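Here is what each chain is made of, one letter per residue.
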Amino acid sequence: MNRRKFVRRSALAAFAGLIGTDIVFGAKMTEGYVPLGAQDPDPFDLFDKDPEMVLLNDKPWNMEARAHLLDDSITPNKYMFIRNNGIVPEQNEVSDWKLTVDGESVKQQKSYSLSDLKSRFAPHTYQLTLECGGNGRAEFDPPAKGNQWTIGAVSCAQWTGVRLRDVLEDVGIKNDAVYIGYHGADLHLTRDPNKEPISRGVPMSKALQDETLIAFQMNGKDIPLVHGHPLRLVAGGWPASVSGKWLKRISVRNKVHDGEKMEGSSYRMPCEPIAPGEVISDDDMCIIESMPVKSLITHPKSGAMLAKGKTMDIRGHAWAGELEVGKMEYSIDFGATWKPCSLEKPVNRLAWQRFSANIAFPKKGYYEIWAKATDTKGLSQPMILPGWNPKGYLNNACHRIAVKIT
Amino acid sequence: MASQKKFWQWSRGTYRFLIVLCASVLIISIIMFYKYGDELHWDAKEKDTYIETPENDTERIENGIHLRTGLKEGVGLTETINNCTTCHSAKLVTQNRMDRERWTATIRWMQKTQNLWDLGPNEEIIVNYLVTNYPPGKKGRRENLDNVEWYELKN
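Those protein sequences? They're chains A and B, same order as listed.
To get the working numbering, take the position in the first sequence, counting from 1, and add 120.
To get the working numbering, take the position in the second sequence, counting from 1, and add 28.
It is worth saying that the hints were derived from the structure and are not from the lab.
Remember, predicted model here, so these are calculated numbers, not experimental data.
Heads up, some of the hints might be wrong.
[Unchecked claim] To be clear about the criterion: a stretch of chain B counts as covered by chain A if any three or more of its residues have a C-beta under 8 Å from a C-beta of chain A, and this derived list gives those stretches:
| # | region |
| --- | --- |
| 1 | 118-127 |
| 2 | 136-142 |
| 3 | 166-175 |
Every residue, glycine too, gets a C-beta built ideally from N, C-alpha and C.
Make a model of the complete structure from these sequences and hints.
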């Protein structure tokens, strides 16, 4: 037995330890061969996703849209990005699903069945922008680690559920409540039952907003399994990682929630800006709250060729985290001049906004159409990459598409 | 009395012999197993399993890519497959580009927070593999738009 095989055996032993059973004939297994039980089927079929979606990772599942797929006002499931940190729970039976509210700052611990939630609290529906904190990570230099999202980890679906606030009021919250943290039914990648893949949360001020929902429907139907069925916490405008899927438990904390991926460099930015690549201590990192202003040209698809003399209709969406977008502009000369787009109001707070424009080009040739949104506080999208950070969060640099006039 | 003592001496000798014999058999078989363990076929069933493992298909390397995982061919590929593709798929590795310091920091982070085991002497082999095959490239503050698929726009 050579060293390589010894390595293989040790790895198998470790793997067997992880999944808690012996792998029969493990020693003869090919290097790194994944036992059949661990293989997964076609994710596009499995999750009802359009084949044009881009698969970034198959374990855990991570998939993003492309700009032109996000043209609908309300994002349908087939174009909604998937960001999973662990293993999707298996669910055949949800009739006995319970949501428990606990923590240091509840007056009493209380549990609700799905029908309790639906019958005892008023339903509300909002269209909510959910963007992964790491959307745009792929552009950072030096490269930031994690899934290399380009532009497609954003969606704006319609969510229906009950207000978290109404449920918290029913439970009774003490005055020292600071934060809520969620706990889901997903498994850590190692299947270690004592480890949560992710357990994040929001401060009470965000938890108590009208639009912060315990949702049971997406786009008028049961939430698809991969997006959190049967219950999902949905807090629009913040990194989508606070919108916990497969929601089992909400803890009302008397301190900042300290669950998995609340600490270290996860979903945190340098409190004070650092140079690209600079090493920074975890103590100097601050939790991301609202997402920054951003926009996406969803029509036409990049690569459009148009005959000279014709004009081009463009459209897309703009959003600004907790805020609204106040102004939308485009440029066909790399920012030398900006022209206004028409911009619609959001259907509700925290929903993205439609923009459109009609563009005339002065002569034949290669152009890029750049789009720039400005929020109601006057902050705009930068044309180049914003501040570098270890995990490549919050890249809200202007989106652009290539066009040719022929 | 005398015959009893004689019997006792005789049986002590026999036991000693048996102990030495057992110990040597054990040591020899451990050595044999270590040296030839992989060539031994324990039974017909295992032989079948061996033949059926997808060594020929999915473990194939084509154009420098290990087909099943998508990892690049290179020194340390086996160690990397064995240690880096059990929790998550290799896609999480191949998507990333880091220097030695940051690959090592990523391993430390997984060891601290994600149940990754001590890699022992394999750590150096794996980090060398990662830095050689997945080093950071220069992107600057904004890259050109590439891979544009041109098409005629119909209004």
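Verification of the supplied hints:
1. Under a criterion of three residues with beta carbons nearer than 8 Å to beta carbons of chain A, the stated coverage of the region 118-127 of chain B is upheld, 7 such residues being counted.
2. Only residues whose C-beta sits within less than 8 Å of a C-beta in chain A count toward coverage, and the region 136-142 of chain B has 3 of them, enough to reach three; the restraint holds.
3. Coverage of the region 166-175 of chain B by chain A holds in this model, with 7 residues showing a Cβ closer than 8 Å to a Cβ of that chain against a need of three.
Going through the hint list in order, the structure satisfies each hint without exception.
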